[in-house]
Amino acid sequence: MSFLEVRELVSGYDRSTVLGGVDLELDSGGALGLLGRNGVGKSTLVMTLMGLVPVTSGSVLLDGVELAGRRPDVIAKAGVALVPQGRRVWATLTVAEHLSLATGRRAGTWTVSAVLELLPRLAERRRHYAGQLSGGEQQMLAVARALLTNPRLVLLDEPSDGLAPAIVEQLIGVIGVMRAEGVAVLLVEQDLHLAFSVSDQIAVMEKGRIVHRAPTGEFRRDPATAHRLLGVG
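Just so you know, we're using our numbering here: the sequence shown kicks off at 1 and counts up by one.
These aren't lab readings, by the way, just hints derived from the structure by calculation.
These numbers were taken from a predicted model, which means no experiment stands behind them.
From the three backbone atoms N, C-alpha and C, an ideal C-beta is built for every residue, glycine too.
No incorrect hints appear here.
Pair ranges (Cβ atoms, derived):
1) VAL177 / ARG88: 18 to 28 angstroms
2) THR111 / ARG228: 42 to 52 angstroms
3) GLU218 / ASP14: 37 to 47 angstroms
4) THR17 / ARG37: 12 to 22 angstroms
Required output: the full structure, derived from the provided sequences and hints.
Below you can see the structure in the form of structure tokens.
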């Protein structure tokens with residue numbers, strides 16, 4: 001059994017179905033890059049796994065424990081953390097206050113000091129309000145907030161959006177550290193450089209389903225498939 005197993009997951013908003021039966025697996029310490037055109041359901045999948053979009057049917061097993069349909073706080077306590085699209089930091093709270101709020105939900109190696117050692121720019125900005133940070137600093141704060149929950153699975157939704165190339169490279173390094181600690185990573189991303197740099201496997205979504213999956217190296221050697229599914233290559 002894989003660490004994360006999603007089977008026939010169906011979800012959506014009000015009376016609209018977005019996910020039409022998603023299947024995926026992810027091992028502990030593994031990373032899956034989830035690609036697809038806009039509007040195919042990638043962010044809905046992440047939000048469903050986090051309990052923020054209601055499940056209609058299907059299964060989400062994390063280390064053998066069923067999480068489909070559970071509340072977000074229950075899912076978080078099980079070891080799932082979200083780095084949402086658009087950062088979603090609180091502009092009027094300081095960096096230190098963000099870190100304090102995220103600390104202590106699960107015991108583990110990620111402490112405030114460990115996170116600030118990994119992300120030294122945040123240490124320099126501890127007393128600044130999140131609204132005063134650059135986009136890259138806000139993204140690192142969102143990552144730090146997730147790490148401080150000592151997660152076993154991190155869901156990253158478009159983390160490179162609006163970031164300079166140097167910050168994307170830093171993000172690649174941080175994801176590598178997560179994986180070295182045994183954290184599984186599900187990455188929704190448009191930046192192929194980032195996705196290819198950190199992912200073992202690539203999956204592509206179309207119309208609420210995963211329609212293609214391959215090891216990253218194999219996917220990169222198949223530009224015809226990438227062009228057909230993504231319009232790139």
